[in-house]
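Sequences are here, hints too, so could you generate the full structure?
Letter by letter, the chains look like this.
There are 2 protein chains.
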Amino acid sequence: MKKKAAYTLAVVGATGAVGTEMLSILRERKFPVDRVVPLASSKSAGSGTSFGDDNLTVKLLTKESFADIDIALFSAGSEVSKEYAPVAAKAGAVVIDNSSAWRMDKEVPLVVPEVNPQDIAKHRGIIANPNCSTIQMVVALQPLHAKARITRIVVSTYQSVSGTGKNAMDELAEQCRALLSFGEVKTEVYPNQIAFNCLPHIDEFLPSGYTKEEMKMVNETRKIMGDESIRVSPTTVRVPVFVCHAESVNIEMEDKLTAEEARSILSKAPGIQVHDDPGQGMYPLQLDVVGTDAVYVGRIREDDTIANGLNLWIVADNLRKGAALNAIQIAEELIKE
Amino acid sequence: MKKKAAYTLAVVGATGAVGTEMLSILRERKFPVDRVVPLASSKSAGSGTSFGDDNLTVKLLTKESFADIDIALFSAGSEVSKEYAPVAAKAGAVVIDNSSAWRMDKEVPLVVPEVNPQDIAKHRGIIANPNCSTIQMVVALQPLHAKARITRIVVSTYQSVSGTGKNAMDELAEQCRALLSFGEVKTEVYPNQIAFNCLPHIDEFLPSGYTKEEMKMVNETRKIMGDESIRVSPTTVRVPVFVCHAESVNIEMEDKLTAEEARSILSKAPGIQVHDDPGQGMYPLQLDVVGTDAVYVGRIREDDTIANGLNLWIVADNLRKGAALNAIQIAEELIKE
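The listed protein sequences correspond, in order, to chains A and B. Just so it is clear: in the first sequence, position 261 is 1731 by this note's numbering, and no numbers are missing. Just so it is clear: in the second sequence, position 279 is 1749 by this note's numbering, and no numbers are missing.
One should not assume that every hint holds.
Straight-line C-alpha distance at most 20 Å; calculated SDA-like pairs for lysine to any residue [stated by the list, open to error]:
# : chain 1 : residue 1 : chain 2 : residue 2
1 : A       : Lys1726   : B       : Arg1701
2 : A       : Lys1636   : B       : Leu1649
3 : B       : Lys1726   : A       : Gly1679
4 : A       : Lys1533   : A       : Ser1511
5 : B       : Lys1656   : A       : Lys1533
6 : B       : Lys1682   : B       : Arg1701
7 : B       : Lys1682   : A       : Gln1750
8 : B       : Lys1656   : A       : Ala1643
Bear in mind the hints are in silico, worked out from the structure with no lab data behind them. Just so it is clear, the structure is predicted and the values come from calculations on it, not from any experiment.
Have a look at this one:
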């Protein structure tokens, strides 16, 4: 990207859970912004949002929205990305897309800056931001993979409702309120009650019995880590938590790493906080991680049921590192080029 | 046990979450009861409880409580079991103990009636009831083990607060109420807020980094399934759900079983309900399983990251099959002898 003192940005889906985070993180990290254009569908266009002290009016997303835009951050779902990302790229913007639309496209780099920043340079106008549950896992696993080569991952997730969106957060709160006051529980966003219940169902089911969310963890992990031989066996579960995803991850490696070695490697790695002193009550908790930037790793244990195994508990803010922050970090790398 | 038309039973810890379930399940299943004596510590002795239409007064647990008792159901914690189970056995009762005190004792059978009913006959006055998270897992895995020999299990749990007790259920409700009305959140039962949060911490931590709960899943599984070679790699997690534990279980087998074969084997096995048609929205949910007796299995998927692998989602009512019901089923087997 051509070096500038400041850049013009579009945020597509500016009023959503992730779009809102994007605007606030751009400001927080002092991204060199000349102008921000918040865009949305007709449902939200005309409403207000803010960027720092500036009040902005959300504009209607059209095919003409991207003139003079340097970077277009998309977080408005796959259909919108499929239609408008090529338009934005053609208009000269670099798209950083948070949907799943382009992630597995061979021409589109899929990037987690701590893991594969070198892939950014290969873009042809679109860079994909990975799925939230994948991002936090690869940040935590890449340093171990570099040292001992991970061959297999068995992962079970504990994913918060904010991954679905603001409406899901409202639904969880409303259902709890209703249950605690003997009111009527309504289910609209999820097919089943999420309050005080875990749903082993994220995204659509495929004929194999796995969900699309699970297959994202399989395929995106390989693409980001640049190693098609890594085998991933996932089970993704929605839990009644507002923000932050947690993951119970079992890995098998080619070489042995003790828990202590893993802790030492991870403490020196970028974007990771090791919170692992369970005797002192220290392990990552979703509540503690809300609003923070790092991927937190704890409960690091040797798994002696295999030759070179480890168990880990990985927590990150799915709206930040799992989505908006990772996208802004990609933009930061992009303007460094 | 000597055949009788009806038996005298003591329920130690009669006012607790599990004790209350025991009384109701004895009645529900028409256990041949001559007399039930509810026992508790001085904190609860004198309070009232009921057995069907009968109102009973809870008596103080003493060393003299077990005269003329045929079967003593214990669910009052390890310390009480260590002290009083031998006293009850010496007085001629057969103890069925829900605590962890005697489970790994070589002289004490550890029994899940669907899996190892034959071990009951080996008792010397005490029979141990396994840990809740172990019971539901072995019920679901034993039929697959019998067919294809399971060599390794990787399990992550989603355990409800009722496993901790009534006070934990109150704490979850209170914390939710406080959070939804901007009140003050109090944490007393758990070291951290459980409302809208997952705690990767059940029971005490050991120097290895595993918890006692996790090691119960390792050791009890082997003892119940009668196979010391089964390797279990567990991560146990408390989730903000009132009743029922869920488990994400990955198994490696000596022989291949397709998902369809596993479904067919499990549908014919005792104590299991296969709820596995995700395309139709059918998978086991904690909310649906509350108050039921079976172990529910769904999301059965082949795991092609290993030669002979399967993933499963296993749900059961931890107060019933995970505790009270399993104990009563042991008593039912005992009087059949």
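### Message
Run through the hints listed earlier and report the numbers of any the structure violates, in increasing order.
### Response
5
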